[in-house]
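Trainee: Chain by chain, the residues:
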Amino acid sequence: MPKFHFLATDGMTKIDGHKYPHCDTPIIKYDPDKVYIQAVDNKGLPLSEMVKVNDTVCVGTVLGIRNDFNLPVYSSVSGKVVAIEKKTSTTVGRLVDHFVIENDKKYTKVNLPKLTSRTKEAVVDLLKKGSIVGLGGAGFPTFIKYNVKPGTVIDTILVNAVECEPYLTTDYVEGARSVNDMFYALPILMEIVEAKQAIIACKENKKHLIDAIKNAINEHKEVNAKLVLVKDRYPMGFERTLIREVLKREYEVLPSECHVIENNIQTLEAAGRLFRDGEVITRRVITIAGEAVATPNNYDVPVGTMLNDIVVNNGGYSCEEVKVINGGPMCGKAVLTTEIPVLLQTGGFTILHRYDIKAEPCWKCGACVDHCPMGLQPVQIQMAINRGDVERCHDLQVEKCVECGLCSFVCPSHIDVSANVSKAKLMARLKFKPGVKSQKEEQREKIKASLQKFKDLFKKKTPEEKKLIEEKKKEAKEAKLRSKQQKQEVKQTEKEGN
Amino acid sequence: MVKTAIQNSPHLRGKNSTFKMMMEFLIVVSILWVCSIIYYFVGDFANYYSVQYGLKAIGMGVSCVLFAFITDAIFYLPIFWKDEKRLKLAKGETRVKSYFKKLIFNYSYVTGLLIALLFPIGTPVYVLFVCTFISVFIFKNLFGGFGANIFNPAIIGRVIGQIAFAGQLKTYLGENAPTSEFLNSGASLTSQFAGTSNSIGYGFSQISTLNLFIGNYVGTLGETFAIVIIILAVYLMVRKIIDWRVVLSFVVTFYLTYFLINLCSGKGVNSFENAFRQLCVGGALFGAVFCLTDPVTSPVNRTGKIIFATGSALITIVIRIFASAPEGMAYSILVMNMLVPMIDYFTSERTNKHMWKKYTAISIIPAASIILGCSYGGVNYVAPVKPVTPTGDVVLSKIKVSNNYADYGHYELNVTVGTDFKVYQIEILTHSYTLEDSWIQGGSHSHVMETDFTEFVNTYIPTASKAISFATYDNCSLSDINNIQSNSTEATYGLVLAVQKAINEYKAEYTKITVDHKGTQYFDSFSGNVYINDDKVYYTEITDASIEMDCTIDEFLNGGSHTTDTSVDSTEFSERYINRGDGIPFSVFEGTKVTVAGATITSSGYIDFVNEAIQQYKASK
Ligand code: SF4
Ligand code: SF4
Chain D
1 MPKFHFLATD GMTKIDGHKY PHCDTPIIKY DPDKVYIQAV DNKGLPLSEM
51 VKVNDTVCVG TVLGIRNDFN LPVYSSVSGK VVAIEKKTST TVGRLVDHFV
101 IENDKKYTKV NLPKLTSRTK EAVVDLLKKG SIVGLGGAGF PTFIKYNVKP
151 GTVIDTILVN AVECEPYLTT DYVEGARSVN DMFYALPILM EIVEAKQAII
201 ACKENKKHLI DAIKNAINEH KEVNAKLVLV KDRYPMGFER TLIREVLKRE
251 YEVLPSECHV IENNIQTLEA AGRLFRDGEV ITRRVITIAG EAVATPNNYD
301 VPVGTMLNDI VVNNGGYSCE EVKVINGGPM CGKAVLTTEI PVLLQTGGFT
351 ILHRYDIKAE PCWKCGACVD HCPMGLQPVQ IQMAINRGDV ERCHDLQVEK
401 CVECGLCSFV CPSHIDVSAN VSKAKLMARL KFKPGVKSQK EEQREKIKAS
451 LQKFKDLFKK KTPEEKKLIE EKKKEAKEAK LRSKQQKQEV KQTEKEGN
Chain A
1001 MVKTAIQNSP HLRGKNSTFK MMMEFLIVVS ILWVCSIIYY FVGDFANYYS
1051 VQYGLKAIGM GVSCVLFAFI TDAIFYLPIF WKDEKRLKLA KGETRVKSYF
1101 KKLIFNYSYV TGLLIALLFP IGTPVYVLFV CTFISVFIFK NLFGGFGANI
1151 FNPAIIGRVI GQIAFAGQLK TYLGENAPTS EFLNSGASLT SQFAGTSNSI
1201 GYGFSQISTL NLFIGNYVGT LGETFAIVII ILAVYLMVRK IIDWRVVLSF
1251 VVTFYLTYFL INLCSGKGVN SFENAFRQLC VGGALFGAVF CLTDPVTSPV
1301 NRTGKIIFAT GSALITIVIR IFASAPEGMA YSILVMNMLV PMIDYFTSER
1351 TNKHMWKKYT AISIIPAASI ILGCSYGGVN YVAPVKPVTP TGDVVLSKIK
1401 VSNNYADYGH YELNVTVGTD FKVYQIEILT HSYTLEDSWI QGGSHSHVME
1451 TDFTEFVNTY IPTASKAISF ATYDNCSLSD INNIQSNSTE ATYGLVLAVQ
1501 KAINEYKAEY TKITVDHKGT QYFDSFSGNV YINDDKVYYT EITDASIEMD
1551 CTIDEFLNGG SHTTDTSVDS TEFSERYINR GDGIPFSVFE GTKVTVAGAT
1601 ITSSGYIDFV NEAIQQYKAS K
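Protein chains in written order, with our numbering: chain D, 1 to 498; chain A, 1001 to 1621.
Chain D extracted, bound-state conformation (with noise of 0.2 Å):
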């Protein structure tokens, strides 16, 4: 039975999974002769402590690490480091350095020490020396989620296994294959913040992840771990939505705010191989699906293998004119080109056909309205952007939006709703920084204050306080005067002058 909304906005809705066949074929294992690891940093920064050209490098030998978060990168194969190129960066979007590593396809491996000592501040460090990324395809780090300020109560730990952008596979066939990994890392993780419980959050029409997810729970009793069956909808994966569907929970900006903590099943997995063996993460299973691949299929590569060498040699595109999109193809931005490096957190790529789709007018359905997850009216937003008022984006909360793609995914008309609400968001963030209020918002926060004068009325005074104010009244009785005075000096000096 699907959840009745009366008033409030459905949040989601069944899509299509596409996940037929490819998720139940073997993964294919393909080591490229080339991989390519950017350079930079997610702001597009150069990495400091960089390696040379030349330099021979192991796997997990240190790049370089990255200035935003103070990250180590990887190298994913063995080999020499044979020049830095300039590639497209799917996350900084333009074409960026990036190291390229000849694979002499040996693998010969350094390893972090292990997880000695289950302090918080050992796991935390230990999170962040192996470079542990949310693999759902955020890339946030983990260790940040992990370094609860003191006084943050958690209690649970979410696992996000829903992954339910179409197409995309990754997380049901690696999650189910390393399982066991996982079970690893959640007694620690969930000591180090005192979680009563694990939570894992799963697709019901995943069989094989269900059950190996309930092995698992079986062999480790001592985990206090509990499998939650969600239903196949659309964007069922979002932190805000499973948070809101398995624990009836809301929250503002973090989650650490309703006492939840939510991973990517496959960043729990990494990070039980980080504790048990030091391994860092290297290797990576990404889905390649969609009409114009001839094959679709998982495959198991190290990082930074070249997307178009992966679909060429495992046969080839289906159509000369394709489309390629980072990710799924709800949230999944098309990029230009298909020499594209697979990165730590990339989930797979969906190549589709072009096609074009002709927008008829919008005819206010708010068919957009009923289903944003976020509650926010897109086509009010749109209809806001299009006459360029951003302050009214701006009252309608456009900064919320989370760019789900769901809005543009059921207008009727066809109509990029999504694409004109980030418009929307990207205008307002640049508006309204912190502290910039609009109009309305400072109307509003008049009126409570206001309020608060007319409810500090009838409070109850302290003498303290009383005196207080007959002391400012007296000021004002003495600087009315004091004016008075001035003013008839002025006059006086004028007729004087006169």
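Be aware that a few hints might be false.
Calculated cross-link-like contacts (lysine-lysine; reagent style DSSO-like; alpha-carbon spacing at most 30 Å) [what the hints assert, rightly or not]:
| # | chain 1 | residue 1 | chain 2 | residue 2 |
| --- | --- | --- | --- | --- |
| 1 | A | Lys1240 | D | Lys358 |
| 2 | D | Lys29 | D | Lys80 |
| 3 | A | Lys1357 | D | Lys459 |
Keep in mind that the hints were calculated from the coordinates and are not lab data. For clarity, every value in this text was computed on a predicted model and none was experimentally measured.
We have chain D already, so just place chain A with the ligands on it with the hints.
Mentor: Same frame as chain D, now just chain A with the ligands:
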């Protein structure tokens, strides 16, 4: 290398499309149209006309769609030369293509069909043309075409027709209505409502509830088939082409308010039916399902939609109660259309936050309409008349009758009658539109203020102090009613007819013996009916008598003196031989010779007459 393309995410789109939804909507509306065509072809309202009627129904739909298309074609003609500014005119073919695409994606033909369904069968074609043209050209295309119009174009067309061509809107072809089933003029039933009383009670009485429900009457083309509209609405709601919140919140608010109005004015269980009738008439259902739900002219979010629908319900009710204007529904939709931007503005906060605020917002209007309903009903409360306390052993029984005369109005009554064959109380449950509720207590029953109805009420309405004998009603004819000086109308005769019906029903419980008693030299002859039950005589109904007395037969039967001889006291006679409630045993009559003081030759004739009836009764057993 393959070529790559860049497009905006998301790269998947839902299968739903506006075009598909509009086409489905169009098909659903056409089903309604087909229903009306069938009705006009097979309707038994005027056999020799019906082919003509059916053809007209087809013609109206086709011509409205055509007119809408032509209007669009004229308006969008400039598209042909649109590219000229850039100094290179596109190929003729592409231009024609884009032109026709525009015509198809403007969906004016849907508007056209809706307009056709909103007009009655007798509407001349030029009226349809003018209405369609104005609504599509000015109120749709000038505002920016599909998606940008403020007012519902179909409703605009209807209102223009109502305002400008009220006289031309007839529900029949030709000069005069073939039968009285047809409405006089104006389109929907609301225009037939004259005055405030309609909001309470049965409303438009000529048509029974069943006929209103299945659409077996002549109104506008599409508004009449309540049951079809309901089925189509359910289909549209299930397919999510219209929002069920709009339809349901309208219907619930509307029904509840009318129910409360009726309940508070003392209509009892009939309130359910009366409120339902209000929903069926005047295009309320049609408007709620096909016009109120138009996404273009309704708010975008769910809270707004509910406020919009309930607001429309409230305005419709207010117009129907206080303004007696026809088409309250249409005006209310237009008014709410104007308020849509405001509603959108005030409901623009995030839809999943501050739910209590939203629930408060949507409950304000229903609360207001409930208060309105209760207070309006309460102000118009009519207490049931207290019955006479019967004397003697009279047993009262209540008979419910309803009659429906095209000429004499509709009544549904509870008539309380006694075993002494008198009417003790008349309760009006529902009645036709020409009567005020309070007239039965002696007030005016007509909106014509000069009409004084006291005499009728005195004669025919039992009060707390007097019951009225059956004979009064039995002997009443239309001319009697007309002879009452007080401008009594035909509708009041309908009441008498209804009471007569109740009386006849009651009499049927008795054995009726018809006797034609020949008198003798001394004794008068009587003929008439004697009503017998369980070996007792209850009532004699004298149709003819060679009577020689100072009182009428009626007075005689009611115990009046029947002789001029003042020394004769007939009280004892009447006390013994005229029923006082519990019937007179046969033995009283049998073997009685005229010995009682005051009995005269005349009364002896009466006794013989009854005796003869008794004998016949016994013989028949
Ligand atoms: S893209 Fe933004 S506005 Fe559109 S549905 Fe998602 S959250 Fe709402
Ligand atoms: S879903 Fe599309 S057509 Fe409907 S209101 Fe939103 S933008 Fe307009």
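Trainee: All hints, please: hold or fail.
Mentor: Hint by hint, here is what the structure shows:
no., hint, result
1, Lys1240/A with Lys358/D, "22 Å, holds"
2, Lys29/D with Lys80/D, "22 Å, holds"
3, Lys1357/A with Lys459/D, "28 Å, holds"
Comparing the model with each earlier hint shows no violations; every hint is respected.
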